[in-house]
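Model the placement of chains E, B and Z on the given structure of chain R, informed by the hints.
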Amino acid sequence: MNALELDQVWKFYGDFPALRQISFELPEGVCLALLGRNGAGKTTLLRILSGLMRPGRGSVRVLGADPRDTMARARIGVLGHGLALYDELSALENLTLFARLYGLKDPRGAAGQWVERVGLAASASSLVREFSRGMRQRLAVARAFLHEPELLLLDEPFTALDDRAVTTLQDLLRDAVRQGRTVVLSTHQLREALELATHVALLVRGRLAYYGTRTNEMLEDPAWLYRRYGEAA
Amino acid sequence: MREKMLIAFCIVAAILLAYNLYVMLLVLPDEVSQGPIFRIIFFHVPSAWTAFLGFLAAAVASVLYLVRKDLRYDAFAVAVTEVGLAFAAVTLVTGMIWARIIWGIWWTWDPRLTSMLVCWLLYAGYLMLRHAVEEPTQRARIAAVFSIFASVDVPIVFFSIRWWRTQHPQPVVWGGSMDPAYWNTLFLNWIPLLLLGAAMAGIRLRQERRQRELEALRRMAHAL
Amino acid sequence: MDERNFLYMFYGFLAAWLILAVYVVALAGRERRLQREMENLRRMIEEKQKEAS
Amino acid sequence: MKAAGTQAETAPRTTARAQPGFLGGAVAIAAKDLRSELRTKEALNASLAFSVVILLLFSFAFDPTAEETRALAGGLLWLVFAFAGALILTRSFARELPNDCLDALIAAPISAPALYLGKAVANWLLLMAVELVSLVVFGIFYNAPWTRRFWPLVGVIALGTWALTVVGTLFSALTVNLRLRELMLPLLVYPVLIPALLAAVQLSGPLALGEPLASDMMVWLRLLAGFDLIFTALALTLAETALVG
Numbered sequence: 000m001n002a003l004e005l006d007q008v009w010k011f012y013g014d015f016p017a018l019r020q021i022s023f024e025l026p027e028g029v030c031l032a033l034l035g036r037n038g039a040g041k042t043t044l045l046r047i048l049s050g051l052m053r054p055g056r057g058s059v060r061v062l063g064a065d066p067r068d069t070m071a072r073a074r075i076g077v078l079g080h081g082l083a084l085y086d087e088l089s090a091l092e093n094l095t096l097f098a099r100l101y102g103l104k105d106p107r108g109a110a111g112q113w114v115e116r117v118g119l120a121a122s123a124s125s126l127v128r129e130f131s132r133g134m135r136q137r138l139a140v141a142r143a144f145l146h147e148p149e150l151l152l153l154d155e156p157f158t159a160l161d162d163r164a165v166t167t168l169q170d171l172l173r174d175a176v177r178q179g180r181t182v183v184l185s186t187h188q189l190r191e192a193l194e195l196a197t198h199v200a201l202l203v204r205g206r207l208a209y210y211g212t213r214t215n216e217m218l219e220d221p222a223w224l225y226r227r228y229g230e231a232a
Numbered sequence: 000m001r002e003k004m005l006i007a008f009c010i011v012a013a014i015l016l017a018y019n020l021y022v023m024l025l026v027l028p029d030e031v032s033q034g035p036i037f038r039i040i041f042f043h044v045p046s047a048w049t050a051f052l053g054f055l056a057a058a059v060a061s062v063l064y065l066v067r068k069d070l071r072y073d074a075f076a077v078a079v080t081e082v083g084l085a086f087a088a089v090t091l092v093t094g095m096i097w098a099r100i101i102w103g104i105w106w107t108w109d110p111r112l113t114s115m116l117v118c119w120l121l122y123a124g125y126l127m128l129r130h131a132v133e134e135p136t137q138r139a140r141i142a143a144v145f146s147i148f149a150s151v152d153v154p155i156v157f158f159s160i161r162w163w164r165t166q167h168p169q170p171v172v173w174g175g176s177m178d179p180a181y182w183n184t185l186f187l188n189w190i191p192l193l194l195l196g197a198a199m200a201g202i203r204l205r206q207e208r209r210q211r212e213l214e215a216l217r218r219m220a221h222a223l
Numbered sequence: 000m001d002e003r004n005f006l007y008m009f010y011g012f013l014a015a016w017l018i019l020a021v022y023v024v025a026l027a028g029r030e031r032r033l034q035r036e037m038e039n040l041r042r043m044i045e046e047k048q049k050e051a052s
Numbered sequence: 000m001k002a003a004g005t006q007a008e009t010a011p012r013t014t015a016r017a018q019p020g021f022l023g024g025a026v027a028i029a030a031k032d033l034r035s036e037l038r039t040k041e042a043l044n045a046s047l048a049f050s051v052v053i054l055l056l057f058s059f060a061f062d063p064t065a066e067e068t069r070a071l072a073g074g075l076l077w078l079v080f081a082f083a084g085a086l087i088l089t090r091s092f093a094r095e096l097p098n099d100c101l102d103a104l105i106a107a108p109i110s111a112p113a114l115y116l117g118k119a120v121a122n123w124l125l126l127m128a129v130e131l132v133s134l135v136v137f138g139i140f141y142n143a144p145w146t147r148r149f150w151p152l153v154g155v156i157a158l159g160t161w162a163l164t165v166v167g168t169l170f171s172a173l174t175v176n177l178r179l180r181e182l183m184l185p186l187l188v189y190p191v192l193i194p195a196l197l198a199a200v201q202l203s204g205p206l207a208l209g210e211p212l213a214s215d216m217m218v219w220l221r222l223l224a225g226f227d228l229i230f231t232a233l234a235l236t237l238a239e240t241a242l243v244g
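Residue numbers (numbering that gives the first Met the number 0), protein chains in the order written: chain R, 0 to 232; chain E, 0 to 223; chain B, 0 to 52; chain Z, 0 to 244.
All the pointers check out, no bait thrown in.
Selected chain E positions facing chain R (in silico; Cβ < 7 Å):
| no. | residue |
| --- | --- |
| 1 | 134 |
| 2 | 135 |
| 3 | 136 |
| 4 | 211 |
| 5 | 214 |
| 6 | 215 |
| 7 | 218 |
Because the hints were derived from the structure by calculation, they are not lab data. Glycine included, C-beta positions come from ideal geometry on N, C-alpha and C.
Extracted from the complex, chain R is given alone in its bound form (with noise of 0.2 Å):
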């Protein structure tokens, strides 16, 4: 079964087209980096995927299912721009209010079990509004990973991330593809994303420019992409 299953999929803002005509399947256990520069679409993209908008025309699945379906959601884990923790919880509260939503068995234990994963164990009662910047953003990775999805969709996660959760994040989207989970990520950070990727799609003005497997000479030449499918810089 495919991760993702998009068909012609548009999406407009009044008259305006920010996707046209998107169309691709993604193949589970792979890791797909999605390309584009500001406004090209990506972010929207990503909504949708993960429910929180619906497309305009075309068809959505995502594991099999419509996006919006509560159990298609269970499986899936968001990470996007804001960190979507609540100041006014502790570490432990905020993973196990969401370990409760997403129908964990025991809430209460994958929290501890998560908090003390990413290093926050020491502070797992303190409220987040004490929380350093990057202790923020380890406890918000360990929101998006803690029921263990199927399918990850992150949207820009590396962009101001401090370097000790730029690797925690590494090492669990590593260990994530390694186990045949999927990851669906938007960056600007070519060479960190490229690293990671297996496939690559990349927007233009919310047409779907190029789609692929990542080869080579990326990885040599990260923009070389653009420069081939791109708008001239």
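This is chains E, B and Z only, laid out in the frame that chain R set:
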């Protein structure tokens, strides 16, 4: 084509209105107890009907928008809501002028007037809400949800205000049945008002389409 | 008294038409604004395209 | 347990999944909202202070003799409740904005009606608490024996408050991304609520002064209950549309 239809609507409306005015002012006699002021009803009541027809159409268009996600339904909903509000304003103001003569006061919490005022507030809220949202697709969705709430609320408002007022002494409106000649003129005057409303809604609809084109162009210009 | 009655009937008719006229004026104003904005935008896009090429 | 969990470096799986239930999700959201609010007390404090100040001001504005209080009690109480409610309701979804928490909730496998219901229940509980405190203040300032008909009064207030929260919470979700949302929300909510407020005012007036309800008041009780029912159904139906763009 559409342009010509709008113009035709306006011309037919103008002819009918001129004829109706002639009948109202020169043919029909004054009503016995109220005098000439009674003639306000020929505008007051058909305006109210036109307004409610507009609000009803807006409710249907809002549901259709949420089902089909086609912005043309949204444009239709705004157009008829705005025209409905204009006619509701006519109803309110003519009602107040009539009340000034018959009851000696500008405003009274008469159930019909009060309900109309609440409707006006509801749909004025709809327009304000639209004003506050930038992105057209989001605006359409939010406005449609609100419009459905408003349309479900309207009948409840009418019943509740009727019950409320009947517990208090109620000013006598007009006694008994109207002469069929009056009824005829009332309906005859509704036709031009409806035509006029349709023409105005048609113009507003076209503007909404242009507005969408404009917003799309603006986004394109930013993307360049 | 009767004169006032007649006068208010006249006011009533006038008010009805005035409100509708105000709405029509508002419509016309919007029409003009749309036209103007459209022209401005077209000009802007043309200039931008000229710069680009 | 899944086969993937055998990897050495992954933690043992505690993540066996249950079906994410409707009520379970709603309760989790409500509990989260209550805990957040009780910790920050932002909306609660504002709303309480506001109610007390209005009640105090009104007791200056007119002479709280038995006669005048009788005429005004119902209207005054619901005026206070409606304004206090607006303060709590705007915070309800605004609370989710700072870190894009709302996105995470919508993406989570909880149905939109459950999410909406959880928030509505939390708002209702908070508002009921504020209203009970205002009733005590009302009783003191206006010398009103409101405790004499305690349960009928609480019942009427519960129904009226549910009307306020059921409409207000949905509109709070609709307006959360707007500039001027603090202004827009009351402007949209109050006109829709007029029938419910009318009924609640009629019913609470005599009850707040310890008087029994006249038999012709039942029509208002029915109206209030009907309003709650109709708008709860409508809001649950439209919750998905209101939350997902």
